[in-house]
Amino acid sequence: MALAVAVLAAFDYSAPERMQFETDLSWIPGLNLRFHLGLDGISLPLVVLTALLSFLCFGYLAGRPSGPSQDATRLGVLRPRALVFTLLVLEFGMLGTFVALDLLLFFVFFEVVLIPMYFVIAIWGGTHRRAAAIKFILYTLLGSAVLLLGLLLIWSQTGTLDMVALAKSHPMSRSVQIIAFVAIGIGLAVKTPMWPLHTWLPDAHTEAPTVGSVLLAGVLLKMGTYGFARIAIPILPEGAEAVAPWLGAFAVIGIVYGSLACLAQNDLKRMIAYSSVGHMGFVLLGFATLTPVGINAALFGNVAHGLITGLLFFIAGAIKERYGTADMTRLGGGMLTRLPYVGSLLTFACIASLGLPGLAGFWGEMLALQGAFQPATALPRPLFLTFMTIGGLGAVLTAAYFLLMLSRITHGHPGEPTTTPPGPPVDTAEGIPDLTEPVAAATESTGDSAIPAPGTDRGLIAHGSDEAEGPAVPVGGGDEFAASAGGMHRAEESGVPVGPQAMVDPGAAVEMPRVEESAVPVGGGDRSEGSSVRVRGTDRTEESVVLVRGDDVVEVISGGGGQPGPGSKLADVMPSELAAWVPLVALTVFFGLWPSALLALTDPAVQSLLGAP
Amino acid sequence: MHVVYPAVVAALLFSIGVYGVLARRNTILVLMSVELMLNAVNLNLVTFDVWLRDQLHGGQVLTLFVIVIAAAEVGIGLAIVLAVFRNRQSIDLDRLRDLFEPPNSSDPDGSQPAATKVTTGVGPE
Amino acid sequence: MIVAAALIVLLPFAAAVAGLLGSRWPGGVSRTEENNLRANRRAAWFAVSAAVAALALTLWLAWQTSGSGGSGDLFWAEFLPGSAEGTLTVIGTGAIPISVGLQVNGLSVLTAILVTVVALAVQVYSVGYLRGDSRFPSYSAFISLFTSAMLLVVFAADLLVLYVGWEIMGLCSYLLIGHWWEDRANSRAAVKAFLVTRLGDVAFLFGIFTLGFAAGSFRIDDIIAANLPTGTLILATMLLLGGVAGKSAQVPLHTWLPDAMAGPTPISALIHAATMVAAGIFIVARLFPLFPQPTLDVLGVLAAIGMLGAALAAFAQDDLKRILAYSTISQLAYMAAALAAGSPNAAIFHLTSHGAFKALLFLCAGAVIHHVGSNLLSHMGGLRRAMPITFWTMTIGFAALMGLPPTSGFFSKDAVVLAIEHSTSPIRLLLYGSALITVGVTGAYAIRAWLRTFFGEEHVQALAEPAPGTAHVFDGREAPRTMVWPISLLAIPALLFGFIGVADMDWPSAAISLLVALLGAGIVYTAWRSAPHADPARLLGPFRAPCEQAFYLDRAYAALIARPILSLARGVVRTDTHVVDGAVRGSARLTIGLSSFAKLAQNGNAQLYVTGLLAGVLLIAVGAVMWG
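Residue numbers (this note's numbering), protein chains in the order written: chain P, 1 to 613; chain Y, 614 to 738; chain U, 739 to 1366.
One chain only, chain P, in its complex shape:
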């Protein structure tokens, strides 16, 4: 990471189209393969992104309390050193891909990342990890085999493997270029992923552990699109021209398809995986336009997606850990009540992901649409205008599913999961007031007439989400205000039990007289990680670890890795997690408000690669 920052500082920003920091060593002289590495304006952001995400992953791993396996993801428990080793090998492969300037060297690094990723999913993943891991590796290997054929074709036709040299001169005939582009394109398309070669992604993401998902979505997907920018388009321009309409078509199908699939998903991580398909669709659309603005858009969208989806997966992993599941029907609602900071960060990440201007995702999408508005002169314009329109509608659908997901999870009342948790009752250590009392149904809801019933607008969505929310969320809508408004209403008055399910009164002021308000500021990312774990000295026989946060909530975890009980309080965001997330948030906002930072880097390089007129 430090090296990446050093490179960032030393990069010559006035000439980002030139290859810098080149290393050119003879590697396999017999085959004329050279160990040629270098950075330019296109690779630099991706290299820094990779280093940053890997660094944050390690920070995230380091800060996790390694107690009894309280999470369903096995991350903190199982063979941590092997995990670190695997992730380091993965980082090696990822960084190598972005700096390689020799075609076969690129391919080697491209393949290197598959093995560690397989292990990450297969060993540290979820319940169906085996199948998902095998599907992932076989599918991407198949794609890579086709990619290799394309690269070999280039080699046989031109006799050189050096990307820089190849980008400058294009000696191959048109039909050969088309074949090579298709071959390389298929290989990269599996990685990107492009519809219809995308089906490995949802399974892989659903079963992968948090750090695996972050790196998979944040970096590995970028390797596919980087290949387009570095290899396919510069070296095979005529092939690109011929195939670009197809590329664009598949891209917009992916956008709409991904959005529609997200609307019907129940698993949070699967939904984010499909949203990646949609975002990569925008990136591919940008590439398909073959204009500087389109490719700039694609590269920008790459980096933005890496940041934002990385953040989303971090948060999803955190949610999965706390609730024990990522299934939205079992998560219930009301996360903003139980975990206000996590909920707010989730809202921020979703808003960034749907492409709101002012945040990084917007520029990628908007510039891609702009590129499609006026594609390269050799491409059929009406077709691309159609693509642009469909892409725009896809953007609306993207907003729809993210907001609906937020509505399902963060809004509403905290509902219990539909399955009863297996662990012992959660109300444990003394000194913590019993918060599992039933919600005071003290207020008769003065009728929903106070809120104008929106009629049947989106009624279906409402029904869908209400059913998804689980049974009998008590209609006690007003009590939240009682709690917050009066501030005096506590759960202990009028304990009219609402059914057999107990709910926490979340808005009430939580008095924890014996918990030290060790004023841990929310932004303190550099606090000693260990301070967040403290075992309460109680005389309980079972292993309860109480996570004390200087925040308002306290988690009591009983030693049985089941879901937290319905009445339990969940730990809100912890310092280690914040340390991992805040840089991503900051960068998202930064690039959103100042896109020139990235565009100035990529534009000259793109112009030179395309042979600017």
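Among the clues, some could well be false.
[As the list claims (entries may be wrong)] Label pairs and their in silico Cβ distance ranges: (1) Phe-590(P) x Thr-1315(U): 53 to 59 Å; (2) Phe-713(Y) x Arg-130(P): 27 to 33 Å; (3) Ala-145(P) x Leu-691(Y): 33 to 39 Å; (4) Phe-35(P) x Ala-1321(U): 27 to 33 Å; (5) His-670(Y) x Leu-1346(U): 56 to 62 Å.
[To be verified] Selected chain P positions facing chain U (in silico; Cβ < 7 Å): (6) Gln-157; (7) Gly-159; (8) Tyr-257; (9) Leu-260; (10) Ala-264; (11) Leu-356; (12) Ser-407; (13) His-413.
Please keep in mind that the hints were generated in silico from the structure rather than gathered at the bench. Here a beta-carbon is modelled for each residue, glycine too, at the ideal position from N, C-alpha and C.
We have chain P already, so just place chains Y and U on it with the hints.
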């Protein structure tokens, strides 16, 4: 003596050996047939060594090698036959089919590749 | 001056950031009672001080740009002829660069005054309205963010910068409507608002692209000066209309506005009465030279439908805020009609006066709701004795809405009608007829709301807890001071602002519209007098239900759009699992199937293997001999 005679004899011996290897059920007979084939080869080697008047007598030297190797091989072969007999009370070659894979239901996800054992061996052609 | 404009935009933004991150942080972070109050106070300071600063700077800007000697038929050009422009940086994208810059001219200053005044009023009002709400810091921060975004829209010099502000407004609208998200209905309303406006915004973006690429630049001045061909202009402006319709709640993208009333009333006042919905009208006025007649005709038709339909719907509602919401749709259609008639003058005049009196009405409604604990007219009555200040100010507001002299509404509405009369548009007859009938219906629903709220006998029940979606209950007293002051202050422009346009009045036409308004009011009044307990809306007879349901448009959208998309989504997932992934799994099955063919040869018989070996050797030998 013309070279034809020993060559034809060797060929005939070889053919008998091939027949024995391919068509006999008794494993010891198969081993004997292998011996027969090897000896036919020996005869051939000596014949041609004499016919070509090789200075170095390469053929005869190779014959000695083959005799030794045949002896070693039949020793091990008979040891294996003995072990098989002790285990299965039979040395019927047609019954020794452990390399056979009975057809089982294929896994739709392909998630258990270990279930399908990769069988070595040469296909028909 | 540009620095001032930049500050005007940035100060509320800074307040928003400070409010979000810094309200709780140094100090107690847990949500205890005391911490909540402290955070609320701090957040209120951030928000209000930024609003005050922005207002002060805007007034200074107005002073700087004012003067006489302005020319042209745009009234703001007369009063505020100065202008300035400045660019911070240019973003090179590879195609047309985006210039991040601001510009100040009369129109933007005028609109900015409206925005900052209403924003300040709303911020102060909210302090009282949401006292004790534990989420007040984020609420006020989002209002500040919204203000900043709207001011960015107003002062933007480049269309894409404007778009950024445009969308951020939509976001803040979502966040604020869903402020009480514990109730799922609010959440749904917020999502609906965002999605409907987003749909319009996509078309808006495409319109921007068309204009930008045709003109070679995204700067507004460059585009206006570029003299683009009419075909391009028609296409581009039709697309822009999409965004206008979405943001300004014109037919057919208006369905989000009544449901947006689920948010707190100050939000309704700020966003859905005075500012955000005015943004669409603002942009048409700003880019008016670009709008060719066909587009304006389309706008006019939509306006005509919208104004009458919304007015009828307003007449039949029982919820006070929904009445005001439909009234907003109707008044916005008025402004759109003025634009369609070719007079941005009248449109902006009505925009500003409507902003003042509608914000006033909403804030007063908030006070009433605050007092009664319910939104419904059937729960109100006889409040004029209990809440005198609110009564008088709301009366002024309703009078302005109806267009009674001497309120500002009288002058601005007549400016609109006059513009329609004098226009050369082919649809002027439709516009005129629709406008006149709407004046009547407006009078009717305004009187109905006024009478049923303040007169008659009191229905106020002692409600223990407020319903979800309303703030806390105070009964028996007038609204708290923080709420009364903004109301009273807003009443002044509502009353007096209209005199700006007194010189352009055409008294005969004004008299006609006044008569129509009084006629509508009179009918309702007599109906009410005859049966004070019954709802005058019964006059609609069998049409009451359709009017109340806004002609079932919501249901139509749900059936035609929402439901098919959801079933399509499920279909996509099924396709993905069975077809696409099925192909993947099928390839695995195919491979295993093929291998089972190959397995046939592996029957375990060693002699078979040797046979094969020998046969192969034979073939090779033959081959070598024959072709070797």
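Check each numbered hint from earlier against the structure, then list the numbers of those it violates in ascending order. 1, 3, 4, 5, 6 and 7
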